[in-house]
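**Q** Sequence:
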Amino acid sequence: MSTFDNVFVSQNSNPKRLTNIRDERDVPEDKIFMNINFKDVDMNQCPPGQDYSDWEDLKLLSNLMKKFESICQTTRMEAVAQKYIKVYGKFPSNSHFKCPDYIKGDVEWATIQKIGGQKVRVAGYLIKNVFYPVFLDKDHLFYPSTKKHT
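According to the numbering used here, the residues represented by the sequence shown are 146 to 295, in order.
Please keep in mind that the hints were generated in silico from the structure rather than gathered at the bench.
Glycine included, each C-beta is placed from N, C-alpha and C at the ideal position.
It is possible that some hints are incorrect.
Below, computed lysine-lysine pairings styled on DSS-like, alpha-carbon distance capped at 25 Å [stated by the list, open to error]: (1) K231 / K243; (2) K211 / K259; (3) K283 / K243; (4) K264 / K235; (5) K211 / K273; (6) K249 / K184; (7) K184 / K243; (8) K211 / K249; (9) K273 / K259; (10) K228 / K204; (11) K259 / K184; (12) K231 / K249.
Cβ pair distances, simulated, as ranges [as the list claims (entries may be wrong)]: (13) D202 / D251: 30 to 40 Å; (14) Q227 / N189: 27 to 37 Å; (15) D246 / N182: 15 to 25 Å; (16) K249 / K204: 13 to 23 Å; (17) G234 / N182: 14 to 24 Å; (18) K176 / K243: 34 to 44 Å; (19) D175 / S290: 30 to 40 Å; (20) N182 / Q258: 12 to 22 Å; (21) E201 / D175: 29 to 39 Å; (22) K184 / V232: 15 to 25 Å; (23) D175 / D284: 31 to 41 Å; (24) D246 / I181: 15 to 25 Å; (25) P192 / S290: 29 to 39 Å; (26) K243 / D175: 37 to 47 Å.
Based on the sequences and whatever the hints tell you, model everything.
**A** Rendered as structure tokens:
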């Protein structure tokens, strides 16, 4: 074998590769993207919450639709990592809202954040890759901060 021929021989030769056999990687065909389901929206707790027309008057509704669009282009893990969604787990004990009676079972409560200002949130819950909005919360009253300002 000449020096020229040696350039084309792998130094870490893999017999499978030389015989054109390879192990296929297990790559999912489709990512499982987030979905939004409005079946449990509660407009009966206004205040502390708001309804769609309130958010429209406050110029927040279009921001919310853009946020929903962004979220639906991510997986659940990506939505949490990009801080679109913050997962709390159980319904917060210090919430100004009450958990609706029609929401049964063990669900993970969460909020969609960065909608239009520091406080503005949509509170709801997650089941797998579906976010169920429940409350529109422009004043951060679903899970009020316990930080003390000095």
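**Q** Now look at each hint and say whether the structure bears it out.
**A** Right, here's what the structure says about each hint:
no.	hint	verdict
1	K231 / K243	holds, 19 Å
2	K211 / K259	holds, 11 Å
3	K283 / K243	holds, 16 Å
4	K264 / K235	holds, 20 Å
5	K211 / K273	holds, 22 Å
6	K249 / K184	holds, 13 Å
7	K184 / K243	holds, 17 Å
8	K211 / K249	violated, 29 Å
9	K273 / K259	holds, 22 Å
10	K228 / K204	holds, 22 Å
11	K259 / K184	holds, 23 Å
12	K231 / K249	holds, 21 Å
13	D202 / D251: 30 to 40 Å	holds, 36 Å
14	Q227 / N189: 27 to 37 Å	holds, 32 Å
15	D246 / N182: 15 to 25 Å	holds, 18 Å
16	K249 / K204: 13 to 23 Å	violated, 35 Å
17	G234 / N182: 14 to 24 Å	holds, 19 Å
18	K176 / K243: 34 to 44 Å	holds, 36 Å
19	D175 / S290: 30 to 40 Å	holds, 38 Å
20	N182 / Q258: 12 to 22 Å	holds, 19 Å
21	E201 / D175: 29 to 39 Å	holds, 34 Å
22	K184 / V232: 15 to 25 Å	holds, 20 Å
23	D175 / D284: 31 to 41 Å	holds, 38 Å
24	D246 / I181: 15 to 25 Å	holds, 22 Å
25	P192 / S290: 29 to 39 Å	violated, 18 Å
26	K243 / D175: 37 to 47 Å	holds, 38 Å
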